[in-house]
Structures are given as C-alpha cells and as structure tokens.
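> One-letter residues, chain by chain:
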Amino acid sequence: MKQITLLIVAAFLLAGCSATRVETEYKFGNKLAKRGLWKEAHYRWKRALRTGQNTAAIHNNIAISLEFQNKLEEAKKEYEEALKLSPGNEYIKRNLSRLKRRMNPGMEPDAEERKDLKRMKKKEMGKRK
Amino acid sequence: MKKINIIILSVIITFLVGSCSTRPVNLVRIPVKSVNTINFLKYKNFAYVPIKVEKFPSEYDPGPSIDYFFLNDLPKTLKKPVSRYEPEKEASSELKEGDLLLIGGDLSLEIKERNVIDDDKEKKGLKVFVKIENWEVSFNVYFRDAVTGKDVFSRTIKDSYKSADRNKPDYNFEFLFKNITEKLIRLFMGLGRMEVRYLIK
Numbered sequence: 008m009k010q011i012t013l014l015i016v017a018a019f020l021l022a023g024c025s026a027t028r029v030e031t032e033y034k035f036g037n038k039l040a041k042r043g044l045w046k047e048a049h050y051r052w053k054r055a056l057r058t059g060q061n062t063a064a065i066h067n068n069i070a071i072s073l074e075f076q077n078k079l080e081e082a083k084k085e086y087e088e089a090l091k092l093s094p095g096n097e098y099i100k101r102n103l104s105r106l107k108r109r110m111n112p113g114m115e116p117d118a119e120e121r122k123d124l125k126r127m128k129k130k131e132m133g134k135r136k
Numbered sequence: 036m037k038k039i040n041i042i043i044l045s046v047i048i049t050f051l052v053g054s055c056s057t058r059p060v061n062l063v064r065i066p067v068k069s070v071n072t073i074n075f076l077k078y079k080n081f082a083y084v085p086i087k088v089e090k091f092p093s094e095y096d097p098g099p100s101i102d103y104f105f106l107n108d109l110p111k112t113l114k115k116p117v118s119r120y121e122p123e124k125e126a127s128s129e130l131k132e133g134d135l136l137l138i139g140g141d142l143s144l145e146i147k148e149r150n151v152i153d154d155d156k157e158k159k160g161l162k163v164f165v166k167i168e169n170w171e172v173s174f175n176v177y178f179r180d181a182v183t184g185k186d187v188f189s190r191t192i193k194d195s196y197k198s199a200d201r202n203k204p205d206y207n208f209e210f211l212f213k214n215i216t217e218k219l220i221r222l223f224m225g226l227g228r229m230e231v232r233y234l235i236k
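Chains as they are written, first to last, in the working numbering: chain P, 8 to 136; chain A, 36 to 236.
Treat the hints with caution; some may be incorrect.
[What the hints assert, rightly or not] Just the calculated beta-carbon pair ranges, DEER-fashion: (1) Met-229(A) <-> Glu-97(P): 18 to 24 Å; (2) Glu-209(A) <-> Gln-60(P): 54 to 60 Å; (3) Arg-121(P) <-> Ser-118(A): 32 to 38 Å.
[Unchecked claim] Calculated lysine-lysine pairs in the PhoX-like style (CA-CA distance at most 25 Å, straight line): (4) Lys-107(P) <-> Lys-147(A); (5) Lys-128(P) <-> Lys-193(A); (6) Lys-38(P) <-> Lys-128(P); (7) Lys-111(A) <-> Lys-147(A); (8) Lys-197(A) <-> Lys-34(P).
Quick caveat, the hints were computed from the structure, so don't treat them as lab data. Keep in mind it's a predicted model, so treat the numbers as computed, not measured. Every residue gets a Cβ at the ideal spot worked out from N, C-alpha and C, and that includes glycine.
Turn these sequences into a full structure, and let the hints guide you.
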C-alpha cells in the first residue's frame, strides 16, 4: 500500500515538472534573451503581458530588454512596476539599483556586480574550452 | 524487502524532483554605453598637464611613458590633437567656455613585498624563498574645462600586478599603465562596457 502511495506521489511530481516545461511566450522570451536576441525577447514578453500574465518576472525582464535598447527611463518604470508586484524581490531590487547607478554619472559598479561579472566571464571561458 | 523498496523509491523521487528544480534567475550581460561620456566635439583644443607621479623607485621614471600616451596615443583615440599645456600661452589668449579641455591628474604607486617559494628550485628539492613585489597603481585623472575650472570627467582607476619582478620596473609599470589607459579610454569614450542583470526564469 505504501509503495502504491509513493508511486502516485512520484507520478504527480513528475507531471508537475513536465507541466513547467511547457513553452510559454514568457519562457520563449527568456530563451531568446539568453541568446542575445533582446528585441525579439521583448516582443514575446509584451505578448505574454497582453495574454494576462502580469507578473513581476515579466516586468523585470522587459526592463532588462529596454536597458539593452538604451531606453533607461522606460526600463526604470518597468522595474518599479515589477517591485510593486513583488516588493521583496532582491533580484529586482539589485537590477533597479544598477540601473540607477547607470543613470547616475560617476558611480562605479558595486562589489556584488563585479563578482557577478567575474562569475559570468569564468562561465564563458569554460564554454569556450 | 519492503523497507529497501521504500528507500529506493524515495531516493528516485529525490533525484527526479531535484533535476526539475532550477535556480530562479539567469545572469545576463548587457552592453551599456555610459551616459556620462565627454562631449569631445564641444572642445576645440586639448592640453595635457603633466601627470604628477609619486612613490616610484628612484631608478625609474615613468614620466616619458605617461607623456607619450597623452601626447601620442590619446590624440589618435580622440581624433584631435593634444598639446602640452603652457600656462603663459593660454593666459594670454582669450578663452571661452568649451575652447580648451585640460587633461591631467596624479599617479601613485604602492609596492608591497612578499616571500614566495622559488618553483624552479623546489623541483630540485630545495626550499628557497624569493622576494616578489606586488605593484599597485592608483591613477586620478581629470578632464577639466580650462575656463570654468569644472571637471567634465574625473575618475580614479586602480590596477595591480601581483608578481612583479623588482629588477624590471619599466616592464612592471608598462604592464600596469597599459591596463589603466585601456580602462580609461573605455570609461570616457563609453565603449561597450558590460553590466550584469538578473533575468528571472
């Protein structure tokens, strides 16, 4: 009996996982962004917004794509919108503070960002090897 | 037997769930152009005020290398001539804001010594310590409007060379100064600096 229960639980967990793999506009946008296709990603996320997926994550990612296009004021608004939907999100807070630094002449990257940059460079070097 | 089966199943479940769970963010790099790049087109003339150097070994003078960068390499980047600043000449001419941009600053060096094991001798079974130097250069640079006295750009750029050979001060400095000037050019020209953002999955 216990085994059957466990098997059912496992089946549910697996089903849950496969459901998250379903390609939504949002996730497709993320894939494009990772390949550097920011404008296309922006379009996908905007479509996701129109279909009612109004989440902090989408606003955050749209803001990054706007930053990529040098539309800094619009990006700021999107980060702020994301923070309204998820006020405690540390990642969005960091993104917004980095944008503010970018908009404020004379400010240097913070220690955390330097670490992130090093981490990314290492990762890229690893891929090349 | 039942117990073993349950344990095996729970291990499988843990692995399956573990493989599905992912981190909430991806780090992404975005190229950014600095907002605060200098409007070089505004300035008609550029003058180099010799950089003050501090704490360099007495046997080595970095002045010629620094002067060469500002008077030969920098004009190529700016695509404008840079002359050596002559206060008397500039004082006699009637300058207006935007006529002359002064480029200057100061550069200081800090050398820290430390003992390390000589690798070559260690291979032969000998444990011999040798002194190496850690060179740290701090460069304060300004781009200043000659009339208003306002800095249109100022930065402190630091770089270090951790295993410098004390017998080759010229090489140590050239190596550091090259890194510093590259950073400087990227900063004030706003060339393809990278920033990191968190893309939420």
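> Would you mind marking each hint as holding or not holding in the structure?
Hint check results:
Judged by the Cβ atoms, the range 18 to 24 Å given for Met-229(A) and Glu-97(P) holds: they are separated by roughly 21 Å. Distance hint for Glu-209(A) and Gln-60(P): a CB-CB separation of about 55 Å, consistent with the stated range 54 to 60 Å. Taking the beta carbon of each, Arg-121(P) and Ser-118(A) are about 37 Å apart, inside 32 to 38 Å as hinted. For a cut-off of 25 Å, the pair hint linking Lys-107(P) to Lys-147(A) is broken: about 37 Å separates their Cα positions.
With a C-alpha separation of about 20 Å, the suggested pair Lys-128(P) and Lys-193(A) falls inside the 25 Å cut-off, and the hint holds. A threshold of 25 Å between alpha carbons decides the hint, and for Lys-38(P) with Lys-128(P) the separation of about 20 Å falls inside it, so the pair holds. Proposed proximity of Lys-111(A) and Lys-147(A) is contradicted: the alpha carbons are some 35 Å apart, above 25 Å. With a C-alpha separation of about 44 Å, the suggested pair Lys-197(A) and Lys-34(P) falls outside the 25 Å cut-off, and the hint is violated.
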